[in-house]
Structure formats: structure tokens, C-alpha cells
Amino acid sequence: AQSVSQHNHHVILSEAASLELGCNYSYGGTVNLFWYVQYPGQHLQLLLKYFSGDPLVKGIKGFEAEFIKSKFSFNLRKPSVQWSDTAEYFCAVTSYSSASKIIFGSGTRLSIRP
Amino acid sequence: NAGVTQTPKFRVLKTGQSMTLLCAQDMNHEYMYWYRQDPGMGLRLIHYSVGEGTTAKGEVPDGYNVSRLKKQNFLLGLESAAPSQTSVYFCASSPAGKTQETQYFGPGTRLLVL
Numbered sequence: 061a062q063s064v065s066q067h068n069h070h071v072i073l074s075e076a077a078s079l080e081l082g083c084n085y086s087y088g089g090t091v092n093l094f095w096y097v098q099y100p101g102q103h104l105q106l107l108l109k110y111f112s113g114d115p116l117v118k119g120i121k122g123f124e125a126e127f128i129k130s131k132f133s134f135n136l137r138k139p140s141v142q143w144s145d146t147a148e149y150f151c152a153v154t155s156y157s158s159a160s161k162i163i164f165g166s167g168t169r170l171s172i173r174p
Numbered sequence: 022n023a024g025v026t027q028t029p030k031f032r033v034l035k036t037g038q039s040m041t042l043l044c045a046q047d048m049n050h051e052y053m054y055w056y057r058q059d060p061g062m063g064l065r066l067i068h069y070s071v072g073e074g075t076t077a078k079g080e081v082p083d084g085y086n087v088s089r090l091k092k093q094n095f096l097l098g099l100e101s102a103a104p105s106q107t108s109v110y111f112c113a114s115s116p117a118g119k120t121q122e123t124q125y126f127g128p129g130t131r132l133l134v135l
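Chains as they are written, first to last, in the numbering used here: chain A, 61 to 174; chain B, 22 to 135.
Pulled out of the complex, with its shape left as it was, chain A reads as follows (with noise of 0.2 Å):
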């Protein structure tokens, strides 16, 4: 079965430090790879994907998330954090085989020292 692992539960920064968020995933076909992100009070929305071509992927805010096949990895990176980026972020699985469904992993809480 399709699963989603994001290792780091709460990650604490001080403000300027880098960030790399893991996510691992399981599953031995064709994948397409989200990374979402929760502000405080707010609903998901998308932070990039991956579904082809260049597994270097660039998102919002200065975000960005390397596709390596060989690891079934999909971390999230960024050089400078801010206090705004406290949220949750959620590493995110669809297939080709179940096109319908998006599997989730358990989030990591991300907490930014100003």
C-alpha cells in the first residue's frame, strides 16, 4: 500500500537558518509529489509539485523540493526561513494506479524563532 513518511515531527529554527523537511514515500510506480502547507487558523493549500521533467521543483516563497527516484524522497528546502513560514507542511502521494486518491502524510509542525 501507497504511505508517506515525514520523519520530523516539530522542527524549531531560528529566523535566517535553512530548512530541509524529509519525506520519504513507498510505492514502486509512476508518482506525482505535493508538498502543501498549513498556516495557523488556515485551510491547506499548495506549496509546488512534481509530477514530470526536472526533479528539481520551485515553489512559493522561496520554497523548493528535489524528486530523487533512487531514495523514494521528496524534501522540502529552503535556504532562509522567516517567521511567517511557521505552519504545518504536509508531504503529499498520488499515483497513476489510484488517480483519484492523494495520500498525506502526518505533517510536520514547523515552528520559527524570531
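Derived from the structure by calculation, the hints contain no laboratory data.
Note that CB positions come from ideal geometry on N, CA and C, so glycine has one too.
Every clue listed holds true.
Which stretches of chain B does chain A cover? Using the computed rule of at least three CB atoms under 8 Å from a CB of chain A, they are:
| # | region |
| --- | --- |
| 1 | 62-68 |
| 2 | 126-133 |
Calculated Cβ distances over 10 Å to all of chain A for the following chain B residues:
| # | residue |
| --- | --- |
| 3 | G37 |
| 4 | S88 |
| 5 | Q93 |
| 6 | L99 |
For chain A, the structure is supplied; the task is to place chain B on it using the hints.
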């Protein structure tokens, strides 16, 4: 466009009571989804719909029923609420079943079952 809206925003139920959560989207999307979000467990798919008049079970369908009588609306029903159904419920929609399509989320409904 309002996007995806959910009614109500917050509700308290007693065990055994019933209620219906309403999701509406004005983007003419074909696919609609109901998720529940629980701490440390990310989002789990309850039911989804690939078009008007169709519904299908997701990962955690027990205790819930859904209906999609109109394309723009997707209702989630709890026939006999249980404390285990205390959660935040999110509705989402997407243009079609293509795996790379972004899902658009509503603001959520916070449900407390006593």
C-alpha cells in the same frame, strides 16, 4: 469566486447525535473529497466523489456517509456521532482525476463529540 466553503465552522455534538457537514465549490470541479485531520496523523481520506451522483470510500469511511446530488455540493453525514469522530474535517476539490491536479481545500469544520 469563493472557492471551497464549508458549513458549519464549528460544532459540538453529543454521542449518538447526527449531523451533516456541507461542502460547496464554485470552480466547476469534478472531484470532491472529505478528509479528517487528527494530530500526528495528517489528513486521512474519508470518502470522495468523481462526479455528480457518484461516491466512493476512502481510507477511513466507517461511521460516515456522503452524497453528491449536485456537482457543486458534497455532503458528509454522521448518523450516530462517537467521540472518536472528534476531529477537524476538510473538504477539497480538484478539476479532474489527473494525478497532477492540485486539490483546493476548504477552511475546515471543527467537530467535538462529547
